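**Q** Spelled out from the first residue to the last, the chains are:
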Amino acid sequence: AQKITQTQPGMFVQEKEAVTLDCTYDTSDPSYGLFWYKQPSSGEMIFLIYQGSYDQQNATEGRYSLNFQKARKSANLVISASQLGDSAMYFCAMREINTGGFKTIFGAGTRLFVKA
Amino acid sequence: GAGVSQSPSNKVTEKGKDVELRCDPISGHTALYWYRQSLGQGLEFLIYFQGNSAPDKSGLPSDRFSAERTGGSVSTLTIQRTQQEDSAVYLCASNRGDSQETQYFGPGTRLLVL
Numbered sequence: 001a002q003k004i005t006q007t008q009p010g011m012f013v014q015e016k017e018a019v020t021l022d023c024t025y026d027t028s029d030p031s032y033g034l035f036w037y038k039q040p041s042s043g044e045m046i047f048l049i050y051q052g053s054y055d056q057q058n059a060t061e062g063r064y065s066l067n068f069q070k071a072r073k074s075a076n077l078v079i080s081a082s083q084l085g086d087s088a089m090y091f092c093a094m095r096e097i098n099t100g101g102f103k104t105i106f107g108a109g110t111r112l113f114v115k116a
Numbered sequence: 001g002a003g004v005s006q007s008p009s010n011k012v013t014e015k016g017k018d019v020e021l022r023c024d025p026i027s028g029h030t031a032l033y034w035y036r037q038s039l040g041q042g043l044e045f046l047i048y049f050q051g052n053s054a055p056d057k058s059g060l061p062s063d064r065f066s067a068e069r070t071g072g073s074v075s076t077l078t079i080q081r082t083q084q085e086d087s088a089v090y091l092c093a094s095n096r097g098d099s100q101e102t103q104y105f106g107p108g109t110r111l112l113v114l
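One line per chain: the protein sequences are A and B, in this order. Heads up: the first sequence at position 102 corresponds to 102 in the numbering used here, and the numbers run straight through without jumps. Heads up: the second sequence at position 98 corresponds to 98 in the numbering used here, and the numbers run straight through without jumps.
Chain A extracted, bound-state conformation (with noise of 0.2 Å):
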């Protein structure tokens, strides 16, 4: 069975540093998809950053970027040079390609709070 898990509940960081926000996931399915969604107080949810199983390079966006350790089941989000709109929860999120249909699964989530 899938299985996404973020083992921070939350995080601080300093205006302008870097921040990592764990996520590890276990699937069976060779194919899949990872996603990484923003969720503010406002409680829309926005889509962040894709990373698929057999891309050979780590997704970038702009600020944020994917470390995709396939071996060690994880993909953790980098955001650099993080700024107070920067504060929210964010998710991280599983789609077996193969087995699992669209279905996708989400982990608990990180909240993140940025420092000024």
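A few of these clues could be false.
[Said to hold, decoys possible] Straight-line alpha carbon distances no greater than 25 Å define the calculated DSS-like cross-link-like pairs of lysine-lysine that follow:
(1) Lys57/B <-> Lys3/A
(2) Lys57/B <-> Lys17/B
(3) Lys16/A <-> Lys103/A
(4) Lys16/A <-> Lys115/A
(5) Lys57/B <-> Lys103/A
Calculated directly from the structure, the hints in this document are not laboratory data. If you're wondering where the values come from, they're calculated on a predicted model, not measured in any experiment.
Place chain B on chain A using the hints.
**A** Below, chain B alone, put in the same frame as chain A:
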């Protein structure tokens, strides 16, 4: 273009009543998803539709929960005989059905069962 919309935005009901939550996906999106998010928690998968059919209903918590989708567009999530533990935000999302594509989320319906 218009995003995913959900109605109502807030719903307060009494224990034992039935409620219907509506989701209007982005036009042309064939896949539609329902999630539940309890306060301070992650998203719990409920059900997804491909067109009008629901290949995976495994996340529905009990037989009090049901969902349907008509015309490959609007979906309704129905909760019968609501319980206090049903209180949560119910999120709907849609996409074109590409396995590598993100889901586009609606603003959610906040349900409070008294």
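**Q** With a cut-off of 25 Å on the C-alpha distance, tell me whether Lys57/B and Lys103/A pass.
**A** Within the cut-off at roughly 10 Å; holds.
**Q** Hint check: Lys16/A vs Lys103/A, CA-CA at most 25 Å. Holds or violated?
**A** 36 Å, violated
**Q** With a cut-off of 25 Å on the C-alpha distance, tell me whether Lys57/B and Lys3/A pass.
**A** 18 Å, holds
**Q** Taking 25 Å as the top limit, are the C-alpha atoms of Lys16/A and Lys115/A close enough?
**A** 9 Å, holds
**Q** What's the verdict on Lys57/B and Lys17/B, does the C-alpha distance respect the 25 Å limit or exceed it?
**A** Holds - the C-alpha atoms of Lys17/B and Lys57/B are around 23 Å apart, at most 25 Å.
Violated hint: 3 only; the structure is consistent with all others.
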